[in-house]
Amino acid sequence: MTPVTLDVFFAEMAELLAGRRTAAQCETVLGRSPSGTDQFGVYAKLVDRQQQGAIASLYGAALVAAASWNRIRADELRAGYLREAPPSHWSPTVVAAPFADYLETHGAPVDVIELADYARTRHDVLRAPASDGIAGLAVRHYTYAVHEFTLAVERSEQFAGRPAATPSTWLFGRHRETAKLVMVVPSLAILVALQLVEDDAWSADLPAIERTDVATAVGFLDEHGLLSEVALGRLRALL
Amino acid sequence: MIAGVGIGLRKELFEPLLATSRHVDWLEVVSENYIDASGRADVMLERFAERWPIVPHGVALSVGSEAPPGYLDGLAALVRRVAPPYISDHACYSSIGRRNYLDLLPLPRHGEAVARVVRNSRAAMAATGVPLVLENITTYAEMPGSTMSEAAFLAAIAEQAGVGLLLDVNNLYINAVNQHRSARDLLDEFPLRHVKQLHLAGHTWDGDLLLDTHAAPIAPEVWELYIEVLERCGPLPTLVEWDQHIPSLDAVLDEADHARELMERHG
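One line per chain: the protein sequences are A and B, in this order. Sequential numbering of the first sequence, starting at 1, is according to the working numbering. Sequential numbering of the second sequence, starting at 1001, is according to the working numbering.
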């Protein structure tokens, strides 16, 4: 059999890799693979595994909780996402990132949605450009213990279950020196300090709070590297 | 100039690598992790580039089909930033049209595929202004329509495009096992005269297939092949790769040290 052109080859492989045609069907156009039909078809499985892996590497904890909720539905959600949004970017994290939105709009339970939001927030904060304001920070409130659950999953690949229904609020940021992810439970004074960075002035809308408490919070933010030197200077001038 | 033994820069190794006093000759970064990088990746790239030579190693250039939109511009910007002596990627395709497969997929090995790879390799070198080095991939099935051996295919690409080859010793071993062939025979056939760099990594069994997972220590059989390559080619720059179940930096550097000892003894 004369080799087909590359264009025909790619057209058939696109069908095989998307699972729309079997290896045997593709071989009727391309000719037989010397490795055998079953072996030729392994590429559809390998590509699927790579794509699923891209989602798992970003949303591992959410997938563990989803599987504990309903394994079949969890697999359907992941497959449905890849079907609706076939990867069109070279970066696995860019491909995987919108999966958090997909879970929210396709009937995933709240703990799974919150775990996905937690994972995406960590990812977004790590990628955020440096800022002299609060643009690179994020504050999130969760109704489930997403932080503890995620750490447990990351410590053990065998971990299963779902997060406890324990509410928590987290401030996510990146250390100005080490660029590492920093996560703290913010006090009211810390939240006021962040609002001051944003507004650059005291306002009547801010909660009534002692300035000494805010000064302590600024020291905490400084110690954890959560604001730039410029932002800290502006804050201290307001105190 | 790249020489000696480097390691793959992975985010799990950022902190210990910045703190280590152990010997590291150079670093390889996955190009796609640093194209358009912002935030921590951007900061880390800057810090590591101050201390070590860096070679961008891509998985998405897709020389067998065509580079994804915007990819070559991003790669060129990365090259301007870290000024590598060359860049590397794989002799394969990873995308068709706008669809990206996030995987390294084999081409049918024939004249038209050689011509396509040559055309795209030249375009990549023109866009980035540095030489390109292409790696042999693992092949779990022969594509229909192939008329050339892998060795003849890679040699034709190297000669016609003027690219170097990156011999992944682990990939060659995996191909030998999965194709029920002798690794020595595959090495005898390989166009070693074009090889500019080597990769060493670990593999994992999955059923009947040996997979290139970079998730295990370098196997004894791969170390033996590495010695054979060094004896035939001399001390080529070598890279130790880990991508999954990444151990401590010390464990990675132990493998790099062993490669360096072998290079001194056999290269």
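No lab work stands behind these hints: they were computed from the structure. By construction, the Cβ of each residue, glycine as well, lies at the ideal position given by its N, Cα and C atoms. Treat the hints with care, since some could be wrong.
[To be verified] Examples of chain A residues toward chain B, derived with CB under 7 Å:
#: 1; residue: 3
#: 2; residue: 4
#: 3; residue: 33
#: 4; residue: 35
#: 5; residue: 40
#: 6; residue: 44
#: 7; residue: 47
#: 8; residue: 86
#: 9; residue: 94
#: 10; residue: 97
#: 11; residue: 98
#: 12; residue: 127
#: 13; residue: 129
#: 14; residue: 131
#: 15; residue: 179
#: 16; residue: 182
[Said to hold, decoys possible] Here are the simulated distance ranges between beta carbons:
#: 17; chain 1: B; residue 1: 1254; chain 2: A; residue 2: 155; range: 38 to 44 Å
#: 18; chain 1: A; residue 1: 36; chain 2: B; residue 2: 1036; range: 40 to 46 Å
#: 19; chain 1: B; residue 1: 1003; chain 2: A; residue 2: 177; range: 29 to 35 Å
#: 20; chain 1: B; residue 1: 1231; chain 2: A; residue 2: 161; range: 32 to 38 Å
[What the hints assert, rightly or not] List time: in silico BS3-like cross-link candidates among lysine-lysine, alpha-carbon distance up to 30 Å:
#: 21; chain 1: B; residue 1: 1196; chain 2: A; residue 2: 180
#: 22; chain 1: A; residue 1: 45; chain 2: B; residue 2: 1011
#: 23; chain 1: B; residue 1: 1011; chain 2: B; residue 2: 1196
Quick rundown of the hints versus the structure:
Because the beta carbon of residue 3 of chain A sits about 3 Å from the nearest beta carbon in chain B, less than 7 Å, this interface hint is met. A cut of 7 Å between beta carbons decides the hint on residue 4 of chain A: the least distance to chain B is about 6 Å, and the hint holds. With 7 Å as the threshold, the beta carbon of residue 33 of chain A comes within range of chain B, its nearest partner Cβ sitting at about 5 Å, so the hint holds. Interface restraint check: residue 35 of chain A against chain B, minimum CB-CB distance 4 Å, threshold 7 Å, status holds.
The restraint placing residue 40 of chain A at the interface with chain B holds, with a minimum CB-CB distance near 5 Å, inside the 7 Å limit. Evaluation of the residue 44 of chain A hint against chain B yields a violated restraint, the C-beta minimum of about 10 Å exceeding 7 Å. Checking residue 47 of chain A against chain B by beta carbon gives a least distance of about 5 Å; that is within 7 Å, so the hint holds. Nearest Cβ of chain B to the Cβ of residue 86 of chain A: about 6 Å, under the 7 Å cut. The hint holds.
The beta carbon of residue 94 of chain A is not positioned within 7 Å of any beta carbon in chain B (closest approach about 9 Å), and the interface hint is therefore violated. For residue 97 of chain A, the suggested interface contact is broken, since its CB lies about 14 Å from the closest CB of chain B, more than 7 Å. With a least beta-carbon distance of about 15 Å to chain B, the hint placing residue 98 of chain A at the interface is violated under the 7 Å criterion. Of the supplied interface hints, the one on residue 127 of chain A holds, with its beta-carbon coming within about 4 Å of a beta-carbon of chain B, less than 7 Å.
At its closest, the beta carbon of residue 129 of chain A sits 5 Å from a beta carbon of chain B; the interface hint therefore holds under the 7 Å criterion. Because the beta carbon of residue 131 of chain A sits about 10 Å from the nearest beta carbon in chain B, more than 7 Å, this interface hint is broken. Nearest Cβ of chain B to the Cβ of residue 179 of chain A: about 4 Å, under the 7 Å cut. The hint holds. Look at residue 182 of chain A: its Cβ only gets to about 11 Å from chain B, farther than 7 Å, so that hint breaks.
Taken as a hint, the range 38 to 44 Å is violated for the pair residue 1254 of chain B and residue 155 of chain A, whose Cβ atoms sit roughly 24 Å apart. Checked against the hint of 40 to 46 Å, the C-beta distance between residue 36 of chain A and residue 1036 of chain B comes to roughly 41 Å, which is consistent with it. Range check, residue 1003 of chain B to residue 177 of chain A: Cβ separation about 32 Å, and the 29 to 35 Å hint holds. Remark: the range hint 32 to 38 Å for residue 1231 of chain B to residue 161 of chain A is contradicted by a beta-carbon distance near 54 Å.
Between residue 1196 of chain B and residue 180 of chain A the CA atoms are separated by roughly 35 Å; this puts the pair beyond 30 Å, and the hint is violated. Proximity of residue 45 of chain A to residue 1011 of chain B is assessed by CA-CA distance (about 28 Å); at most 30 Å being required, the pair is judged to hold. The suggested pairing of residue 1011 of chain B with residue 1196 of chain B holds, with an alpha-carbon distance near 26 Å, which does not exceed 30 Å.
Of the numbered hints stated above, those contradicted by the structure are hints 6, 9, 10, 11, 14, 16, 17, 20 and 21, listed in ascending order.
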